[in-house]
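Take a look at the letters that make up each chain.
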Amino acid sequence: AQKVTQAQTEISVVEKEDVTLDCVYETRDTTYYLFWYKQPPSGELVFLIRRNSFDEQNEISGRYSWNFQKSTSSFNFTITASQVVDSAVYFCALSEWTIAYQLIWGAGTKLIIKP
Amino acid sequence: EAQVTQNPRYLITVTGKKLTVTCSQNMNHEYMSWYRQDPGLGLRQIYYSMNVEVTDKGDVPEGYKVSRKEKRNFPLILESPSPNQTSLYFCASGHEGGRLPHNSPLHFGNGTRLTVT
Chain Y
2 AQKVTQAQTE ISVVEKEDVT LDCVYETRDT TYYLFWYKQP PSGELVFLIR RNSFDEQNEI
62 SGRYSWNFQK STSSFNFTIT ASQVVDSAVY FCALSEWTIA YQLIWGAGTK LIIKP
Chain B
4 EAQVTQNPRY LITVTGKKLT VTCSQNMNHE YMSWYRQDPG LGLRQIYYSM NVEVTDKGDV
64 PEGYKVSRKE KRNFPLILES PSPNQTSLYF CASGHEGGRL PHNSPLHFGN GTRLTVT
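Just so you know, the sequences run in chain order Y and B.
Oh and the first sequence: position 75 is 76 in the numbering used here, straight run, nothing missing.
Oh and the second sequence: position 91 is 94 in the numbering used here, straight run, nothing missing.
Covered by chain Y, according to a simulated footprint, are these stretches of chain B (three or more residues, beta-carbon under 8 Å):
hint: 1; region: 36 to 49
hint: 2; region: 107 to 115
Residues from chain Y shown here face chain B by an in silico Cβ test under 7 Å; the list is partial:
hint: 3; residue: G44
hint: 4; residue: E45
hint: 5; residue: L46
hint: 6; residue: F48
hint: 7; residue: R51
Derived by calculation from the structure, the hints in this document are not laboratory data.
Cβ atoms here follow ideal geometry from the backbone N, Cα and C, with glycine treated the same way.
The shape of chain Y in the complex, shown without the other chains:
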């Protein structure tokens, strides 16, 4: 069955440290998509990135980078030189080609960046 595991419930680091949020997924489909969403303290959910299963290239966007490894079924998210504004709950999600219109969500990782 499909599943997304974010084993880190909460992470706390000091500003400017690098931090990696882990996401491990399970699926039987060969075609699937992986997503990361951010939920800042204000509560809204904001899309960060989508990656399909055929594209294992790592993605970098400013201080954010994502490492997709099919061999380990992981899609990890790294923030370099973290800032207080990065404090949020981060969700990883999976959609499968054979099950349209539904996302499988991880439980989320709460990231606290201390000044």
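Please arrange chain B on chain Y, whose structure you already have, making use of the hints.
Using the frame of chain Y, we list chain B on its own:
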């Protein structure tokens, strides 16, 4: 401004008193969905709609109803709320066409925090 608008933001009610949470999007999205968020459980899908008059159950549909009479609106109805429906609710919409959510990211409303006593 492109957005998904949910109302109300906060709602406190009593067991058994019917309520409706409204959701409206101005992006002409065909796909809309309702989620509930509970600590440690992430987001769980309640219902979704692929287009007008087309809805289907998600993972936790019990105790909820939806309707999609117009493309822009997707209200969530709790006919007889119970305390276990106390949660944070999100409405979301996605781009037109295709096998959503594969093609496009979801746009979320700001959430409705519901408390049922």
